[in-house]
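J.: Spelled out from the first residue to the last, the chains are:
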Amino acid sequence: MSAHAGTAPRTSISLETRLRATARSEWIKFRSVRSGPAVLLATAVILPVTAWLLCAYYRNGWATMSPASQASFDPVFISLRGIEGAQLLVGAFGVITATGEYTSGLIRGTFIATPQRAQVIAMKAAIFAVVVWAWCTLLSFAAFFIGQALLSNPAKHVAIGDPGALTAVFGGGLYLTLIGLLGLFIGVLLRRTPGALAALFGILLVLPVAIGLLGGKNSAQLAEFLPDSGGEEIFKLLHGGAYTLGPWQGFAVLAAYVAAAAAPAFLLVRRRDA
Amino acid sequence: MTSETMPAAATSSGRRASPSALLRARAVLSAEWIKLRSLRSMLVTPALAAVFCIGWGSLVCLRYVNTWPTRVAAGKAGFQPLDVNFNVLVIGVLFFGVLGALVVTNEYGNGLIRATLAATPQRGLILAAKTALLTLIALLSSAVLCFALFLAGQGILAGHLPHVTLADPGVLGRVLGAIFYLTTASLIGLFTGVIARSAAVAMSCVFGVFLVLPTLLNSLHGGVWRHTVPYLPSNLGNALWLSHAGSLVRPTVAALGLAAYIIVLGVLATYSLRRRDA
Numbered sequence: 001m002s003a004h005a006g007t008a009p010r011t012s013i014s015l016e017t018r019l020r021a022t023a024r025s026e027w028i029k030f031r032s033v034r035s036g037p038a039v040l041l042a043t044a045v046i047l048p049v050t051a052w053l054l055c056a057y058y059r060n061g062w063a064t065m066s067p068a069s070q071a072s073f074d075p076v077f078i079s080l081r082g083i084e085g086a087q088l089l090v091g092a093f094g095v096i097t098a099t100g101e102y103t104s105g106l107i108r109g110t111f112i113a114t115p116q117r118a119q120v121i122a123m124k125a126a127i128f129a130v131v132v133w134a135w136c137t138l139l140s141f142a143a144f145f146i147g148q149a150l151l152s153n154p155a156k157h158v159a160i161g162d163p164g165a166l167t168a169v170f171g172g173g174l175y176l177t178l179i180g181l182l183g184l185f186i187g188v189l190l191r192r193t194p195g196a197l198a199a200l201f202g203i204l205l206v207l208p209v210a211i212g213l214l215g216g217k218n219s220a221q222l223a224e225f226l227p228d229s230g231g232e233e234i235f236k237l238l239h240g241g242a243y244t245l246g247p248w249q250g251f252a253v254l255a256a257y258v259a260a261a262a263a264p265a266f267l268l269v270r271r272r273d274a
Numbered sequence: 001m002t003s004e005t006m007p008a009a010a011t012s013s014g015r016r017a018s019p020s021a022l023l024r025a026r027a028v029l030s031a032e033w034i035k036l037r038s039l040r041s042m043l044v045t046p047a048l049a050a051v052f053c054i055g056w057g058s059l060v061c062l063r064y065v066n067t068w069p070t071r072v073a074a075g076k077a078g079f080q081p082l083d084v085n086f087n088v089l090v091i092g093v094l095f096f097g098v099l100g101a102l103v104v105t106n107e108y109g110n111g112l113i114r115a116t117l118a119a120t121p122q123r124g125l126i127l128a129a130k131t132a133l134l135t136l137i138a139l140l141s142s143a144v145l146c147f148a149l150f151l152a153g154q155g156i157l158a159g160h161l162p163h164v165t166l167a168d169p170g171v172l173g174r175v176l177g178a179i180f181y182l183t184t185a186s187l188i189g190l191f192t193g194v195i196a197r198s199a200a201v202a203m204s205c206v207f208g209v210f211l212v213l214p215t216l217l218n219s220l221h222g223g224v225w226r227h228t229v230p231y232l233p234s235n236l237g238n239a240l241w242l243s244h245a246g247s248l249v250r251p252t253v254a255a256l257g258l259a260a261y262i263i264v265l266g267v268l269a270t271y272s273l274r275r276r277d278a
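Just so you know, the sequences run in chain order A and B. For reference, each letter of the first sequence is one residue, going 1 to 274 in our numbering. For reference, each letter of the second sequence is one residue, going 1 to 278 in our numbering.
So that you can see chain A by itself, here it is in the shape it has in the complex:
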């Protein structure tokens, strides 16, 4: 209200100009997150190395595997399983992209410069998403090709042109991007690094284990609708489970969690102190 009164006297900046300026400033801040390059580099190690380790292991042990486990073997998922480790780093990167600014106090300067707080958060998320998506998709392809090269005959392997393979490999990059965004929005919500990290890892990693401990059919059904096991369907070729969520259905589950974190983040960032 008062903001409106303040902007009325001078020529108001067009939305486009403001968005461009916000994008520039968010890009500078994103670039200067200290652990950013380290996280992206570590991801570049984890994905190919895990693909190499796991695929070499399964190729060597292929002859000794039972027919049942040979049938349920998912060559695409195995080559992309490093994502399960990389998600820790990408998720933490998302968290500190948001909370780092609160810790250093820079967020106050940011919000004074751009009182349109929702636009700031949207631009922050967009820049994060584009960079992480491009990088992780590249790594996903690298892991896939390394893995499939190792899984030679007689072990089960697929080519990039085989049905579902391309979706799964692109899915790996998309999955990591959404995990990072989940971390970013949780970071905006909680504004503190340890709390936000604990919340993200709790939802992502602890919840599936905790539900698994209960055992039984209901727990298994419930687990399919967790962000981690739901989202993983997009980089799997074979889909099991009680509900047999397909790649995009599983991905929608993860996207719903991200939306559920984003909505209160956008709402609260406008109403709360920085």
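Careful, some of the hints might be misleading.
Unchecked claim - In the SDA-like style, the derived pairs of lysine to any residue whose C-alpha atoms are separated by at most 25 Å in a straight line are: (1) A:236 to B:214; (2) B:76 to A:247; (3) A:156 to B:216; (4) A:217 to B:66; (5) A:217 to B:62; (6) A:236 to A:216.
Unchecked claim - Away from chain A, derived, C-beta distances all over 10 Å, residues of chain B: (7) 41; (8) 43; (9) 67; (10) 132; (11) 151; (12) 159; (13) 166; (14) 168; (15) 222.
FYI, nobody ran anything at the bench for these hints, they're computed from the structure. No residue lacks a Cβ here, since even glycine has one placed at the ideal position from N, Cα and C.
Here the structure of chain A is known, so what remains is to put chain B in place on it, guided by the hints.
T.: Just chain B, lined up with the frame of chain A:
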């Protein structure tokens, strides 16, 4: 390292009456105690660990009681009351790792570490005091947690299902083993925090080592994996309280292995703290 720090220490002690080693150790201990006491996560983390572990552990036992009649004979024969009761420690250990990590990274986060190091240039002594106090706190809180978890879980199982008491052979040893594991996890968190100097990195390491690594690697059994995977910190720790050891190492080896992790990480952390900027 000592050769570098010695001259400074010698000149300063030459000019003014140097505090005796004992006095200095006491001062450092009380300083560290004040910092620990006033750290919010110091109270919140063990409390959350206890609430979650005892609550969820009881829920798991309750579920076994409720679903027992529908379980197959093989499942009933393989039922291990303490394993079912303590399985929740797979998650509980994360709280203790994070507790250790936050003790020191919090200080790096708010910059207090620089004042600490300026006040006590004997950086090794600071780490020793932190280690001692954290060990004490983790030992006490994990002991309360494990015994309460045991009593709650076995209380639920008693009368319906096979259950154990502390007097049964080996049971007390496994409860104590769980306490040892949780305490070492907090020290691993502490040393990782000193090396990482950032809450985000240290917490990611704790979750990575205790949760993601076993998820990724525990399905590998052949070849070189058979001789390495059981030595992951999480698998060593689980060997201390799981009865169905399977591919896990013997408890004595597990305890020694965890001790080795602590010593190696402790040395690395001491080196890192003495050599690097705060």
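J.: Next, verify each hint and record whether it holds.
T.: Verification of the hints:
1. As the CA atoms of residue 236 (chain A) and residue 214 (chain B) are separated by approximately 20 Å, the hinted pair is consistent with the 25 Å bound.
2. Between the alpha carbons of residue 76 (chain B) and residue 247 (chain A) the distance comes to roughly 37 Å, so the proposed pair goes past 25 Å and is violated.
3. Pair hint residue 156 (chain A) plus residue 216 (chain B) holds up; C-alpha atoms about 20 Å apart against a cutoff of 25 Å.
4. A threshold of 25 Å between alpha carbons decides the hint, and for residue 217 (chain A) with residue 66 (chain B) the separation of about 14 Å falls inside it, so the pair holds.
5. In summary, the hint linking residue 217 (chain A) to residue 62 (chain B) is supported, as the alpha carbons are separated by about 16 Å, within the 25 Å threshold.
6. With a CA separation close to 23 Å, the supplied pair residue 236 (chain A) and residue 216 (chain A) stays within the 25 Å bound.
7. A beta-carbon of chain A is positioned within 10 Å of the beta-carbon of residue 41 (chain B); the least distance is around 7 Å.
8. Taking the minimum C-beta to C-beta distance to chain A, about 14 Å, the non-interface status of residue 43 (chain B) holds against the 10 Å cut.
9. Against the 10 Å criterion, residue 67 (chain B) falls within the reach of chain A, whose nearest CB is about 6 Å from its own CB.
10. Taking the minimum C-beta to C-beta distance to chain A, about 23 Å, the non-interface status of residue 132 (chain B) holds against the 10 Å cut.
11. The claim that residue 151 (chain B) lies off the interface holds: its Cβ sits roughly 19 Å from the closest Cβ of chain A, which is beyond the 10 Å cut-off.
12. With a closest Cβ-Cβ approach of about 21 Å to chain A, residue 159 (chain B) is found to remain outside the 10 Å limit, as its non-interface label requires.
13. Residue 166 (chain B), annotated as away from the interface, keeps every beta carbon of chain A farther than 10 Å; the closest lies near 23 Å.
14. Consistency note on residue 168 (chain B): stated as away from chain A, and its beta-carbon is indeed over 10 Å from all of that chain's, at 23 Å minimum.
15. Chain A draws residue 222 (chain B) into its interface by the beta-carbon criterion, the shortest separation being 5 Å against a cut-off of 10 Å.
Violation of the numbered hints given earlier is confined to hints 2, 7, 9 and 15; the remaining hints are satisfied by the structure.
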